[in-house]
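Asker: Those protein sequences? They're chains W and F, same order as listed. Just remember that this note's numbering sits 2 ahead of the position in the first sequence, which is counted from 1. Just remember that this note's numbering sits 48 ahead of the position in the second sequence, which is counted from 1.
Please keep in mind that the hints were generated in silico from the structure rather than gathered at the bench. Warning: the hint list may mix true and false statements.
[What the hints assert, rightly or not] Below, a list of computed lysine-lysine pairs in the DSSO-like style, where the Cα atoms sit at most 27 Å apart:
| id | chain 1 | residue 1 | chain 2 | residue 2 |
| --- | --- | --- | --- | --- |
| 1 | F | 331 | W | 408 |
| 2 | W | 347 | F | 66 |
| 3 | F | 66 | W | 406 |
[Stated by the list, open to error] Using C-beta positions, here's what the derived DEER-type ranges look like:
| id | chain 1 | residue 1 | chain 2 | residue 2 | range |
| --- | --- | --- | --- | --- | --- |
| 4 | W | 328 | F | 128 | 22 to 28 Å |
| 5 | F | 128 | W | 237 | 40 to 46 Å |
| 6 | F | 128 | W | 446 | 52 to 58 Å |
| 7 | W | 15 | F | 201 | 54 to 60 Å |
| 8 | W | 351 | F | 336 | 36 to 42 Å |
[Claimed, not checked] Where chain F lies over chain W, by a calculated footprint (3+ residues, C-beta under 8 Å):
| id | stretch |
| --- | --- |
| 9 | 361-368 |
| 10 | 589-596 |
Being a predicted model, the structure only gives us computed values, none of them experimental. The beta carbon of each residue, even a glycine, is placed where N, CA and C say it ideally should be.
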Amino acid sequence: MSEHTMWKLDIDEAQIGWLHFDVPDSSANTLSQQALVELDQIMDVVSNSNLHGLIICSDKKKDFIVGADIGEFTQVTNTEEAEAFIQSAHITFKKIENLSVPTVAMIHGHCLGGGLELALACDYRIIDESAKLGFPEVFLGIFPGFGGSVRSIELVGVSAAMTMMLSGRTFVAKQAKRMGLADVMVPFRHLHHAAVHTIEHAAKIRAKKTSFSEKLMRSFVGRKLVASILRKKTKKLANPKHYPAPFALIDLWEELGGNREKMFAGEVKAVAKLILLPEAQNLVRLFFLQERLKSLGKGEPCTLNHIHVIGAGMMGGDIASWCVLQGLKVTLQDQSAEVVAAAVKRAAVLFDKKLYTPRARQEAMDRLIPDLRGDGVQQADIVLEAIIENLEIKQGLYQSIEPKMKAGAILATNTSGIPIDALAEKLAQPQRLVGIHFFNPVAKMKLVEIVAGKTTDDATLHIANAFVTRIRRLPLPVKSSPGFLVNRILMPYLMEAIQMVEEGIKPEAVDQAALDFGMPMGPITLADRVGLDICLAVANDLSEISSDKVPTYLSQWVQEGRLGLKSGEGFYRYKQGRALKSKNIHDLKYHKDVPNRLILRIANEATRCLREEIVADEDLLDAGMVFGTGFAPFRGGVMKYIATEGKEKISEKLEYLEQEYGARFKKDDGWS
Amino acid sequence: MNKRQVYVVDGARSPFLKARGKRGVFSASDLAVHAGRSLLIRQPFSASDLDEVIMGCVMPEPDEVNIARIIALRLGCGDYVPAWTVQRNCASGMQAIDAARLKIMSGESDLVLAGGTEAMSRAPLQLRPEMVDWLAAWWRARSLGGKLSLLKKMKLGFLAPVITLLKGLSDPIVGLSMGQTAENLAHRFHITRTEMDSFAVASHQKVEAAVEKKWLDEIVPIISNTGQIYANDDGVRGDSTVEKLGTLRSVFDKIYGLVTAGNSAQVTDGAAMLLLASDDAVKKYKLPVLGTIDDVQWSALAPEQMGLGPAYAIPPLLKRNQLGIDDIDAWEINEAFATQVQANLLALNDDDFCKQALGLDAALGNIAEDKLNREGGAIAIGHPVGASGARIVLHLLESMKRNQEKQGVAAICIGGGQGGAVLLSGGKS
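Could you build all of it, start to finish, from the sequences and the hints given here?
Answerer: What follows is the structure in structure tokens.
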């Protein structure tokens, strides 16, 4: 018997086995291949011992098991390997399921993915109030493949299980208990007692009662009906061509949901296939890119308790409430009490959604402090301004607040267009100025550009990175130049789309082309959403590095007040926040050049940015575009897309487009 | 006991919001937290540096037991700052300040957050005692017969709620409402309805003028979760006239009484918070000083005449500090009722009263009108019972600072028959 490094079996006086999981040199438990091999061996030992029951628990302080070892996903090279790996997990989990004595998964903290599948193989799941359960596999381009799809549907019913697996959402303890995912939920102080108590009072055979309606849904006809409903719902959120995993899950259940063993086998094959698809591989790569960005915020710990935000508009107000949601104290300043009040109102709505108890919501609102006089500057660890994009006004603000800032505090700007060096000009301590550029909406867009000026020092950058990581966003260091990275690459794409509309192509068609490519939103819709005045302002900021001319009709619209969503009309008309688009399918048809015109402008600009070293490498550029704009994640990002298509091929396309449509498609020098 | 100087460093209060039937938007702890956090962010120390928090509050809600502790935790003082709540009826806010003063004087504390808060609009409605007993019996009864017989004993009158606010504003020992004690004073000192109404109008006008001149800077605007801004005391009626007030009906003694809602303090929600510090704390954190609290006097008198509380508390306070009325530059006497303030002024200026009731040789003197409640009072601003005692101390110090004055007295009458008075000195940093 080999040495077990991750699992440890203790047997107590009551002959209950305690199987502790503790992956060495890691703060969290993941189910790697090695972990599963060891588990398999231990289960053989357990089956031959005379135990009264088995409790599987984690020795990690914070979490149970956060999932499988994602790094191993990229190491499988063919279907046989993938199937073998998945199948062995199935066998091991079956051993847990078939154990003749009661088995309990004793869960605290996160129990996700493969960890939840392991828990489902046990007879009982005992959780504490901090527990969070979920199946995030769909975000990696697969679905639960260790028997989880079968067992979750059996346990909580197809509706709840499908919601879990298709959405990838995490469910808190109370929700898990209500769903039936967990049998018992207790405060942490009773977790042990509850686990032991469950074993001592467990019925030998646990009757699984299925309701009549559930039985109907699982019938042949029922499955066909439910599957088509699920497909329709899922299509609204994901294109099956781009995200095959959720649809593969629905297909699997529709076909084999009536036969347990067949569905297990089908699961193995389906997930093995999905893992090898470029979509999954790209999503896994993005996962690791996220981890890379998160690591930028590590290192020397900084005290970050209090942020002072100046400018309570859409961005400032939402940055403030996001920071509060992540546990920080925020003083929020604006010249207008009404603007602050609107931000407070939006914050209350956010906290209502994201926090589950009245006390949690009250506690958050207490930490969001309206501060019309700017008293918070003197105590803040970071002063972040998100005021009007005007150099003189910003400089004036800095001059008034800089003397009040405490030693060690940094001054951050959310500017999207003004060069950091210009802003630093009149500062006494310019080394503490840094750009921290958020994207809209703050709660959804994970990317934050970190912009260093010539004078920004390392200590300031470190605090900026630590801050962004602290609030669970992804810091991306970019060079200070017009548009930084994301807006700069996005602008030519938006300009091309606007140009197309001027040529007479229907906006709906332009948007459809982008959606078909895999963008989350069409460029015309994006322009309307952001605001045509903002687009105009950004275009002006970029005018010194771009040859795109803003079409006169756009300037005219902005002058007339036709600004997009916020004014009720832009390219589209808006009613109650929704765009009134043509439903006529002919209006959605587009010439075959349209997608290339849009996407290759992105590709070209991205190449130019790399050449100008706006960002350090291709991976970071991809992370920026995916997490800052939602660029087709399943394609892995702009540079990955180029690599997949082939640099030569894209090069040729650009040459063709230059010939047909103009010099703006001229290949940047970076292509060679 | 090592007597040490007690400094008032800074203070802030919430806008005072009139109770208008519905439960107010903010609870008592909400109001204190809103005012307190704005006060704390402008200090060079953090909430966890406080030695303790002391709050006055007369009618906290059931989930606000020891409201000072709840406020302290919500303000981010952390687990290790003790907190306690005091109650001396209408002077609870002043009592909190006195308690802080004594802790600092003794050397036990150096930096204390003290104040008062009240949400009178949220004073609970209770079940009658008969209803409570009936329910207890109902829950105990197990058999159907038992329950049925209880149903027979139930009377519809049992359902009428007890309005605890009214109970709180009445004296159970002498069987009078606060307003009726004011009627007693009107009778004793021959104060007319017109005089009361004029006083009330003046109070409103003084507040309105102060708001315009931005002389009520101690108010911090607060914002509700629905994005509603409350920036000013919302009961102020600058358009009040003696004629309009003259049309109001007497509310405590029906038909024949003189005291109306218009010449009484309003029922209000509000909080006032002050930071008190010792010499050591002022030096350690380099704190600016608004003033000092030099002395506090508590006196008691007949509950039927409770409004005269200031008249009983002011003389001993002045005597102990070798001061005469003319030595005092500015006065605050809480305006529970117009007639009550006027009665105090008349009493202190009356030889007979001062000799017989206070044992003095002669009348104490006249408190000049232009030195008293210069920026208005509770008739216009409102009287959240737990907070007023703290509000008038804070406001007087701010007012004295603006006028560069040296000596001030803030006094308050107390339901149940007491009076409190605080001697303040204006500060230099």
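Asker: Hint by hint, which ones does the structure fall short of?
Answerer: Violated hints: 3, 5, 6, 10; rest satisfied.
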